[in-house]
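Here the protein sequences come in this chain order: D and X.
Count along the first sequence starting at 1, add 143, and that's the number in this note's numbering.
Count along the second sequence starting at 1, add 59, and that's the number in this note's numbering.
Any given hint could turn out to be false.
Partial list, derived from the structure: chain D residues whose beta carbon lies under 7 Å from chain X [claimed, not checked]:
no.	residue
1	Phe171
2	Gly234
3	Ser235
4	Val256
5	Arg284
6	Val318
7	Asp340
8	Glu341
9	Leu345
If you are wondering where the hints come from, they were derived from the structure by calculation, not from laboratory data.
Just so it is clear, CB atoms sit at the ideal spot from N, CA and C, and this is done for glycine as well.
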Amino acid sequence: MPQSLNRLKESASQTAGPYVHIGLTPNFAEIGGVYADDLGSRMLTGDASGERITIKGRIFDGTGTPLKDALVEIWQPDAAGLFNSPSEMRGSADPHFTGFGRCATDMANGEFVFETIKPGPVPYPDGRMQAPHVTLWIVARGINIGLHTRMYFSDEEKANADDPLLNRIEHRHRVATLIGKRDGDVVTFDIHLQGDDETVFLDI
Amino acid sequence: MSNRKPETGAFFPRDRAWQPDAYTPWYKTSVLRSPQKALLSINNTLSEMTGPVFGHDILGELDDDLIHNFAKPGESAIGPRIIVHGRVMDERGRGVGGALLEFWQANAGGRYRHKKEGYVAALDPNFGGCGRTITDEDGHYSFRTIKPGPYPWPNGVNDWRPAHIHFSVFGHGFAQRLITQMYFEGDPLIPLCPIVKTIADPKAIEDLIAPLDMANTIPMDASAYKFDIVLRGRRSTMFENRMEGN
Ligand SMILES: [Fe+3]
């Protein structure tokens, strides 16, 4: 027998369940007085530079019904393409922008909404530039392991055409599932868990 | 703070055979909520290798004490008092410091404080059911709570969840983001649970069961359970591809 690699195994994921809001957005769940704010409810903490945008959308199940008990998190760089993270080695991100947002989908209509700024571009590991994008992570009852995906911008046609990740998508009609539709300051990004329009999810 | 340089390499690929599948029809809600097309596998980019890290300034004094953080002054939540503690590590066995852990659970009777809760067990007016903490430099954490009760749920006609605590974990990169559940040693409902059974490998299930830890039990106060959490490991920067010109 060779030596052991001495590796541990990642803890197995379990569904966030129907009561995820108690833990992650208690004020939204009407459990007041424990935390002052729900984490990730404000991404702009001051006069952040960049274009202010609203990202909104819904998550649809295999019958086309919007999920009303899901939770979405987003992670993105600032307008200059820098992340507000200790692992960011390229410079200091805008101190007035967290880059992290968390939103429970509306219990009546299933909508998630983020007030954020348009992210700058970030390089791919080989040095090519990626098109501006926002990383999303979706959990809910019935989802056994959080789903990673990305939203790109419809007003970045040229950058999207050159994007290394989008170019990895074999079935070209599926690229559209990762493009948020920009109309003024609002970018709409609907997510489909199944069906003809199933969003491209990432193993990343 | 540690002298250790922040790690910035790519994370080890996720072992999808060890992790639960998306489609697990015995857990009925997964049927219409599971992607059916193959995931697109790509190497980590900075979008996944970085992640938000939270400071102690977000924590309130009682955030890690579910017995008291929702209770009226001078009162406390009802139920067996426990301490849950452990270590957040990566797959290389290194402690993950500064990791935000958020947890939520039912009360001692198995009832959640939630609009959509349908179980007849009583609400405890002194129990909210949420808490959070941040790991120390070596990845250790602990919090106080009451032992949650098992509860029935609408899936099969008579499915019951074993007693459990939900955990949400942020590591150092967004690719490490994880939600899981902690179970309690000796609970006969564990092997019967359709949600537990979304995990195929029995060893992966065992890794979610916290043993009773008598050594850390506080006499006449609280028993203790130990629950370690493992996040994806990351390669050292020396194993990374270098960009042209670097
Ligand atoms: Fe639960």
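For each hint given before, does the structure comply? Return the numbers of the non-compliant ones in rising order. 1, 2, 3, 4, 6 and 7
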